[in-house]
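J.: Got chain G; can you put chain H on it based on the hints?
Protein chains: 2
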Amino acid sequence: MAPQALGRDDAAGAGRLTLPIQTGMDAQVRELMERLGADAVRNSDGTELPELVHELAAKVYSTYFVGRGDNAWADAHPDEATRIFLSSDRVVATDESPLAIDLTASWFAEQVRPDVTCDTARWWQAYDRTVGEPLSPAAWRLEEDGHTVTVLEPQAGHAYTVSYLATQTWDPTQMYNYLTNGWDQDPTRVKEKPFDVRHEATWAHVRAHLDGWLRDHPEVDVVRFTTFFYHFTLVYGPDAKERFVDWFGYSASVSVPALEAFEAEYGYRLTPEDFVDAGYYNSPFRVPTRAFRDWISFQHRFVTSRVRELTDAVHAAGKEAMMFLGDNWIGTEPYGEHFADAGLDAVVGSVGSGATCRMIADIPHVRYTEGRFLPYFFPDVFHPDGDPVAEANESWLQARRAIVRSPLDRIGYGGYLSLAVEHPDFIDRVEEIVAQFRSLHTCSGGQRPLAAPFKVAVISSWGRLRSWMTHMVAHALWYRQTYSYIGVLEALSGLPLEVSFLSFDDLREGVPSDVAVLINAGGTGTAFSGGREWDDPALVEAVNAFIARGGGFIGVGAPSDHPRDGVTFQLADALGVDRETGWGLSTNRPLEVQPDHFITADLTASFDDGEGTPDVVVTGHRTQVLDAADGQVRLAASHFGAGRTVYATGLPYNADNSRLLHRAIFWAAGAESDFERWAAVDPRVEVATYPGGQLLAFNNTLEPVTTQVHTPRGPRTIHLEAGGQQWLLGDDA
Amino acid sequence: MAPQALGRDDAAGAGRLTLPIQTGMDAQVRELMERLGADAVRNSDGTELPELVHELAAKVYSTYFVGRGDNAWADAHPDEATRIFLSSDRVVATDESPLAIDLTASWFAEQVRPDVTCDTARWWQAYDRTVGEPLSPAAWRLEEDGHTVTVLEPQAGHAYTVSYLATQTWDPTQMYNYLTNGWDQDPTRVKEKPFDVRHEATWAHVRAHLDGWLRDHPEVDVVRFTTFFYHFTLVYGPDAKERFVDWFGYSASVSVPALEAFEAEYGYRLTPEDFVDAGYYNSPFRVPTRAFRDWISFQHRFVTSRVRELTDAVHAAGKEAMMFLGDNWIGTEPYGEHFADAGLDAVVGSVGSGATCRMIADIPHVRYTEGRFLPYFFPDVFHPDGDPVAEANESWLQARRAIVRSPLDRIGYGGYLSLAVEHPDFIDRVEEIVAQFRSLHTCSGGQRPLAAPFKVAVISSWGRLRSWMTHMVAHALWYRQTYSYIGVLEALSGLPLEVSFLSFDDLREGVPSDVAVLINAGGTGTAFSGGREWDDPALVEAVNAFIARGGGFIGVGAPSDHPRDGVTFQLADALGVDRETGWGLSTNRPLEVQPDHFITADLTASFDDGEGTPDVVVTGHRTQVLDAADGQVRLAASHFGAGRTVYATGLPYNADNSRLLHRAIFWAAGAESDFERWAAVDPRVEVATYPGGQLLAFNNTLEPVTTQVHTPRGPRTIHLEAGGQQWLLGDDA
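Protein chains in written order, with my numbering: chain G, 202 to 934; chain H, 202 to 934.
Rather than coming from a laboratory, the hints here were simulated on the basis of the structure. Misleading hints may appear alongside valid ones.
Which copy is meant is left open, because identical chains are indistinguishable; a pair holds if it fits in one copy or across any two.
[As the list claims (entries may be wrong)] Mimicking SDA-like on lysine to any residue, the simulated pairs with C-alpha atoms at most 20 Å apart in a straight line are: (1) Lys442 with Arg790; (2) Lys442 with Glu793; (3) Lys260 with Asp240; (4) Lys442 with Glu632; (5) Lys442 with Ser307; (6) Lys442 with Asn789; (7) Lys260 with Gly646; (8) Lys260 with Arg681.
With the rest of the complex left out, here is chain G:
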């Protein structure tokens, strides 16, 4: 049975695959494209498309850089270089003598330099951080070296910073590639300077350049924009290593004309502090300010409107316009309200996990999406001792469960094909992955699998704008402080559920009627748990009332954490737990664990809460504690009015926790009796059922698994190889 089903995958045909190609290996390119069934080819940053592309029966993608790659233009128009708001380090005055602050002590001189040409009294701010107020421009002086500011009469014991507009002299992604690949050894490479299309001269140049390029490249079918105008915030330190990275950062989207246009439109003036944000630079972990939200909206409209002019030109040339989700993507906001206006045909993004896969696959208003899989064919993995197969397996097994629920239309790879072919075992593995991927489209009949008859909503300050994007710092990288929360998204990305993203503002207007369960996951004070948003009785009232009327709520970490009026979690009453910060140690809170519960029924090992959240206690004797350690709650369930709540101290992604979340959602929704059909008995295996009656079972691990799945004809035992999948079609199902 199993081999037969797997055989169908292999027969699923060709297409849906993009390969990077390069000059000097034509025969290998032909052979690989045939073997893997690739129907599109691309170049990468630093490679050229070979002449061969004219002969291949494949679509041709070409990377296209809008705001860099023309140093002649950049050098001729230094005033139109992109800018960034930066802050100096904090410097404390140890006495009352004039205090010199080196603005560039922590930044990379080759990438950024203070913009001394602007009106520094307006676009620079010296700040007394101890008091929390800016100094008057008369209270500081810029020295002649161009990078030292002297606070003339500091107060001893106060910390000072200087926020300043800086000029960017190196595109961060090109800088990363340059430094990572040792291009300083290659005399053909230059350090590409970014320029800003907010300036009309540069914009006219960019428009004209694209028109010429489109004329000159008839072989190109798809213009792969990498990307548009503003890079996410990535600034190196004096050691030429990463110092600050925020994949969502708008700090480098600024310019004097834009700031002035903003003031004209919004009626108020933004200051450096609105961007520097006391040194946090409006990290998405910060509950966003009104000014920052306004700036995002302002630039989103600007960026999408200018992108539209580019995509119109691409379409007029008979080509498709594809956007790479990353690099200079700031302002595009794929989940923003003006994204449709950009006129893009497709989005391609790097798949690092199930959640990032959904982040790409769920983007609306494009005809297709493509996932660029890991590993990237770069020397950091593709060296003689590297193990690209392990990375490919990890990436595919994490991504597949997301692709099953929300199918990407295409997959692809990037980098240097010349490196990949040195690892034949890797090519073999790619062949298998591509076959499994194609079967999701062919065997499903083009349909999405069924999902539970209710919606789940992840709530945060960001709501829909950051769909599948919560808790990210750099794109999909692991952080100790985030994995225990991002595990919630990762689990959701592959569960048979319809997931939406709501902001606290949305909740204040009332929870949408099709949402059965709200999920709030994150650390104290962050935009993801909500922080100071919960200092609002109307929000607490709205959520409490939703639950009391029969809604479900799941909190992970520090949900609604904002100490006030007797509780730390503002939803402590509903959750049945609270975080004990010390103020309530005088209250004895007995802890009785109830080990058997619907929610924990499939745990195969003790509950793993990742970094956990310390000091969680029950608020009353009605809380069902499902797991505890060291006198602290780790997992709890409560009834609240007609509704139900579940709390976990952390939920890193693993098979057990994904199953636990799946069960918790069904319990919170009061839908336990409907659960069985949505899951295999073994949590390592997941199932998808389709409107046409097909059933797909897939093994998320690298061990073979035998387990039972639920079919309309009753339970079926199936065996899946390591990483394998099996379709039960028609009578099989």
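T.: Chain H in isolation, oriented as in the chain G frame:
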């Protein structure tokens, strides 16, 4: 050498010891008193002094209860029973219908009951906790059952509480003793009702009763008040088990006359919320409000003035007045500014650790202090399978290092001697302990040992008022959330340093010139780390400036933690570390550990930070990281201006950590070169040197230790038995 030195301890003579005695064991009492050299005897709660006391050549202590033990009076004056402010549980309205709140759902009906006789519109408050405001008295109704309040028109989704004045009908300590000892089986026992001397009739009665009692008890030399008027907050739940305990709590010090007198004096009215404090009841972990500080001051003056009338009577009767530090001690405030007015001769307290020992021994304005050692002779330890020797060892070894630094004048035991004599090994051990204790007085020549030539100050919201009392919930009990901070006090209690306690208000006025090192230890938001006190640039400025001018600062846990203006620790600049709450994850903070440092030179194992403090990062490259784990700082040292700072994520008490703190203090004070003479090489052994040239080395563990100590004639190797001590006198030293 060693046996000879130990022999001197044995020869130290008799005295300084109080034993509990009881009727029916005269011969054993005589024999024990002779053997142990006891010079005082006492009874306990529930035991009578035997006739024998008239013959003994010993001082006689008798327990005396001021505010309980006379149920006839209590029953005749129910209006003068003590009161307490309590809160109901939080109850959430799930719809808009009238909401019934049972005031007593979480409290023990035999101990407290709502006072429906008072003006409930004034002394009760229904509270909307979601909004954070009280309801008007017209918005709620007390039902006829006397314990249900109905909120007439609640808002769905809001949480409500009722704060109310309640009558106390059982003295908490007597209740504890009663329930612990099963006195419900003893028909001679009654449940003692407390009465309040704030009422003039009760006060006159209490005065007269003492006069009569003094006349009737010529055999008594020392009136051991146990204690005075107001019990610390200890309330049981409906299960007759502890529900709330705060050894510093003033909730049960209230009465309508006192509240009215307060209003008359202070010019503002206190409300139930001023005591209920959203359910935290002004726990000492809360940064105290002005109202609570005023109430403490108000009651401190009242209590000490009324105690003075009692002590005057005692003195007039030719006896001494001793106060037990505990039970009904609220308002006495041994470190308060009016304590001297109470006219006490002595304080006795239970010794649970070095810090509690110092808490007793350092009390000013008394002629002598006495430590009641553990274990208390109660059946919970003194049963056939109990191990009282282990408890005695633990208590003594922890306490001795504190007693060495600040000698208690006397030690004693409490409970039932009849139980203790069933454990001869325990009596043997007591004999050894008493000999070691006496030697601290005899061999020292009555002098205190030398201390470093600079002061160390522990800073918190409480300052001097809570000297040696920080982080306590119930007297000296272990709490998971506190041991990592209380370890700092415990270490200090036995180090050769002069320790003071300063409040943030003190610091605002300037750090005293003899203080070289400030220590701030505690969890986020607590009065011990300072919480919202740090929302004050003047405080930050004062401490930064102190350090910059050459001061030392040691932070443990979450020092100055109050997220604001770019840092979580307001002293992050000086400390060189900060707590990363998520907002700064975008900033890359490399972590290089410097394993060899003066501070860590004596660690015998890896650094133990107890519960630790997660997410601590360096603020710059000048921070010396001495220990790290999982990418997080655990121990760091920094230079700041002319001063130095040390940071540790936690510091539970053990020999290594005590030594580490000792070294950290010397490093922060810039006094490394003076360190050697203050410590033995092995951290398990400590040394005390005296003005007369004597040197005491003592072994804090139950293993024999051979180590080197520093003497004026050079290093000396000594061998100490388990728990042993050795005096080097005159030429020996």
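J.: Run through the hints listed earlier and report the numbers of any the structure violates, in increasing order.
T.: When the structure is compared with the hints, numbers 4, 7, 8 turn out to be violated.
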